[in-house]
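Q: One letter stands for each residue in the lines below.
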Amino acid sequence: MHFSNSLAQLRLCSVAVLVLCLGASLNLHAADSAVQVQLDFKKASPRTVEELTERAILRDYRFAWTSIAQALEFNTLDPLEGPFAGDAKRWLKQSVVSQQQAGLNQKYVDQTHRVEAVFYAPEGDVMELHDTAEYQLQVSDGGKVVHDEHAVVHYVVLMTPAADRWVIRLLQAVPQF
Amino acid sequence: MQLLLQVCARVLLGVTCLAGFCRAQDFQVPAVASAGDEANISTAGSGKATFYLIGPGVSRKSEVNLGESIHLQAQDTRTAGDYLAIVCSSTCRSAGFYVSAAKPASLTFLVHPSRVPVAQSDAVSGVALAFDQFHNLILHSLTVNFQLTAGNASLLSRQVPTQNGAAWFRALSGKSAGLLQVTAAVDELSARRAVQQVASDPCNLRITGQRTKTGITVQSEPVRDCAGNPVPDGTIVTFTATDANGKSSVDAPIKRGIAQAQMLAFGAASISAASGVVMGNEVRVGAQ
Numbered sequence: 001m002h003f004s005n006s007l008a009q010l011r012l013c014s015v016a017v018l019v020l021c022l023g024a025s026l027n028l029h030a031a032d033s034a035v036q037v038q039l040d041f042k043k044a045s046p047r048t049v050e051e052l053t054e055r056a057i058l059r060d061y062r063f064a065w066t067s068i069a070q071a072l073e074f075n076t077l078d079p080l081e082g083p084f085a086g087d088a089k090r091w092l093k094q095s096v097v098s099q100q101q102a103g104l105n106q107k108y109v110d111q112t113h114r115v116e117a118v119f120y121a122p123e124g125d126v127m128e129l130h131d132t133a134e135y136q137l138q139v140s141d142g143g144k145v146v147h148d149e150h151a152v153v154h155y156v157v158l159m160t161p162a163a164d165r166w167v168i169r170l171l172q173a174v175p176q177f
Numbered sequence: 178m179q180l181l182l183q184v185c186a187r188v189l190l191g192v193t194c195l196a197g198f199c200r201a202q203d204f205q206v207p208a209v210a211s212a213g214d215e216a217n218i219s220t221a222g223s224g225k226a227t228f229y230l231i232g233p234g235v236s237r238k239s240e241v242n243l244g245e246s247i248h249l250q251a252q253d254t255r256t257a258g259d260y261l262a263i264v265c266s267s268t269c270r271s272a273g274f275y276v277s278a279a280k281p282a283s284l285t286f287l288v289h290p291s292r293v294p295v296a297q298s299d300a301v302s303g304v305a306l307a308f309d310q311f312h313n314l315i316l317h318s319l320t321v322n323f324q325l326t327a328g329n330a331s332l333l334s335r336q337v338p339t340q341n342g343a344a345w346f347r348a349l350s351g352k353s354a355g356l357l358q359v360t361a362a363v364d365e366l367s368a369r370r371a372v373q374q375v376a377s378d379p380c381n382l383r384i385t386g387q388r389t390k391t392g393i394t395v396q397s398e399p400v401r402d403c404a405g406n407p408v409p410d411g412t413i414v415t416f417t418a419t420d421a422n423g424k425s426s427v428d429a430p431i432k433r434g435i436a437q438a439q440m441l442a443f444g445a446a447s448i449s450a451a452s453g454v455v456m457g458n459e460v461r462v463g464a465q
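Line order of the protein sequences matches chains A and B.
Taking our numbering, the leading residue of the first sequence gets 1, the next gets one more, and so forth.
Taking our numbering, the leading residue of the second sequence gets 178, the next gets one more, and so forth.
Just so you know, these hints were derived from the structure itself, not from any lab.
A portion of the hints provided could be inaccurate.
If we take Cβ atoms under 7 Å as the criterion, some of the chain B residues that face chain A in the derived model are [to be verified]:
{"hint": "1", "residue": "F228"}
{"hint": "2", "residue": "V235"}
{"hint": "3", "residue": "K238"}
{"hint": "4", "residue": "D259"}
{"hint": "5", "residue": "S302"}
Here a beta-carbon is modelled for each residue, glycine too, at the ideal position from N, C-alpha and C.
Start from the sequences, fold in the hints, and give me the full structure.
A: In structure tokens form, the structure reads like this:
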């Protein structure tokens with residue numbers, strides 16, 4: 001009897017762990033699917049954007065914003081390793097480190113990005129995007145929300161091709177395009 | 178619905194402030210700020226408050242005295258972009274401001290390709306982007322002067338205004354093999370790249386053949402492209418001999434401008450040559 005009780009408890013624990021793991025993975029997926037990106041390549045010039053490149057940019061840009069959200073919410077540098085390079089990576093890392101020091105975090109919720117490609121270099125080695133991003137921005141200090149707003153931010157983005165993906169090299173907010 | 182509520186709350190807050198009721202944590206952010214400049218945020222009221230600065234590359238928290246100005250150091254505003262200042266005492270208030278790029282300090286200049294055949298249309302291209310000393314992209318229009326020179330000859334001089342921070346050109350490659358200097362300049366700033374111009378495909382391939390004891394020695398005249406540039410050594414010339422026994426071919430790399438091969442053919446043979454898409458003349462060599 002005592003043995004069967006222990007077994008039942010063990011099973012219950014296993015199920016609980018499984019549910020937790022599943023929940024965590026679903027949460028990650030939800031964070032990714034929560035980033036909505038609409039891309040328009042019609043104005044890209046002088047080079048026309050190839051269909052495969054369009055798909056790669058869409059995939060990598062969305063992933064980059066998922067990574068920003070995760071890095072700044074959980075104050076971890078790991079998500080910044082793949083999708084960023086150069087100055088964008090530098091200042092994002094600085095943001096995370098200074099958040100860790102100050103005990104702050106930022107949450108980007110319900111992200112929507114309306115993105116327009118405005119420049120694609122003749123040899124295809126750099127692309128400039130204009131992103132009108134909307135999200136709910138929450139700034140927390142030790143778990144207490146000190147700022148919560150619906151933000152509309154215009155970003156100028158430079159992306160360059162890397163070995164297996166497009167990476168963001170510059171992410172600079174501007175008052176307007 | 179949530180958005181509507183927030184908009185209503187902001188309008189109410191604005192009206193309240195206009196009526197002169199937001200005294201406790203009033204503060205004023207810089208109207209204009211440039212990257213790397215020190216700035217001040219003035220506050221009104223009295224007592225202690227917590228100040229937060231959230232921006233690209235910075236998340237700062239400090240205790241401040243209301244009524245005193247908050248000093249932003251140069252390192253706080255090095256990255257151009259959107260900054261958020263938050264002051265909390267009994268409640269939290271926030272205001273955003275933009276930091277724009279400083280004056281141009283460097284040029285990123287991408288030029289393609291590194292080697293180019295001569296006299297090819299739209300063969301050389303370049304993109305220039307101007308950045309300030311903190312690597313922020315300069316978005317206001319600048320005029321970039323692109324120059325292409327080969328030896329002492331100027332092949333191109335074009336002034337192109339930047340659009341959205343970028344200026345670009347595409348140009349014909351020069352007529353002579355050698356180094357092509359490509360320069361982009363904005364005021365005193367300049368960036369220089371080099372493109373190696375090489376001969377294009379061979380043109381007017383001419384060969385001669387001579388009977389020897391062991392067969393036929395064939396060789397080309399100096400192989401040049403249509404602009405007269407010697408085709409690089411290593412370029413393959415294919416010699417084909419046709420005699421009564423059939424066809425035989427030999428690939429010979431160009432050495433010091435000339436391709437040479439020894440062919441086994443004892444009867445009368447006709448020899449032809451080709452390199453790339455270019456066919457040479459045909460020579461007939463009599464039997465041994």
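Q: For every hint, state whether the structure bears it out.
A: Against the structure, the hints:
1. F228: At 11 Å from the nearest chain A Cβ, F228 of chain B fails the 7 Å test, so the hint is violated.
2. V235: holds (6 Å)
3. K238: holds (4 Å)
4. D259: holds (4 Å)
5. S302: The hint holds - S302 of chain B has a Cβ within 7 Å of chain A, the shortest such distance being about 4 Å.
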